[in-house]
Amino acid sequence: MTSFKAEFWRQFYLYKRYLFNYVSDFFLLVLMFMAIFWGGSLVGGGVLGTSLNALVVGYVLWSLIQNTISQMGMTVMNQAKNGILEQQYLMPISSKRLFLNKSIVNIIVSLVQAVLILLVIMIFTNHWIKIPVVLAVPFLLALVVTVGLGYLIVSLILRFKRIGSTLVIFQYIYLGVLLVNFENYSGLTKIFSLFLPICPMVSWMRLAINNHSYSMPFYLAGSVFNAALWLIIGILVFNLTDKYVKRNGTLSLY
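Quick note, the sequence shown lines up with residues 1 to 254 if you use our numbering.
It should be emphasised that the hints constitute simulated quantities derived from the structure, not laboratory data.
Certain hints may be false.
No farther apart than 25 Å at their CA atoms in a straight line, the calculated lysine to aspartate or glutamate pairs in the DMTMM-like style are these [unchecked claim]:
(1) K96 - D25
(2) K243 - E86
(3) K96 - E86
(4) K5 - E86
(5) K246 - E86
(6) K161 - D25
(7) K161 - E86
Assemble the whole structure, with the sequences as input and the hints as a guide.
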């Protein structure tokens with residue numbers, strides 16, 4: 001708990017010290033959504049009703065993933081560069097617990113930012129979404145997936161050190177993936193979406209928000225499977241990478 005509190009206050013003071021930069025990032029995410037919204041209005045005659053609900057849900061969840069991954073990635077890369085990461089490995093806690101604390105703090109911060117983005121988007125578009133209580137289940141499962149993705153990002157940084165371009169490419173490719181309405185497909189395409197991080201949760205949330213009929217057992221089982229799959233993958237890859245860098249003495253950036 002002490003290490004978690006330390007990580008939380010470290011993040012808090014960083015936001016306090018560099019508030020202007022974080023506020024700029026926040027408004028950039030909002031402006032990106034408005035560009036998509038206005039672009040769709042000009043080309044398609046208006047993004048209204050259920051289409052806008054799907055767009056908002058997909059984008060807000062992407063912003064949650066993007067913030068979690070980018071914050072985790074940049075933090076670990078900077079700490080590897082200035083030697084702090086090596087010092088943290090000397091702490092009397094496991095490296096798995098160390099990065100779990102970082103991941104949870106990043107998720108909390110990103111969650112607050114995602115909620116604020118949702119409110120600002122609804123104000124700008126004048127389109128208010130009624131959020132059913134059942135959405136708490138897929139949303140919590142989506143947070144579990146982000147923990148697994150956090151472990152994967154840390155593993156890539158520990159192994160390859162500088163992956164800034166890879167993070168940027170992943171973020172914008174995955175934005176397109178999350179905006180695809182897999183719930184409207186059938187057969188293999190729908191089954192394939194269960195293996196993509198957070199996709200079944202996004203489909204479930206879109207269907208619930210739009211009051212469409214859907215198979216609760218299918219999306220519940222698919223979301224639990226997706227959360228367990230990516231959490232296990234993240235932990236396994238991290239354990240292998242962690243042992244590799246310790247064995248080869250390649251923890252530092254250089």
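Structure-based check of each hint:
no.	hint	result
1	K96 - D25	violated, 29 Å
2	K243 - E86	holds, 14 Å
3	K96 - E86	holds, 14 Å
4	K5 - E86	holds, 20 Å
5	K246 - E86	holds, 11 Å
6	K161 - D25	holds, 24 Å
7	K161 - E86	holds, 13 Å
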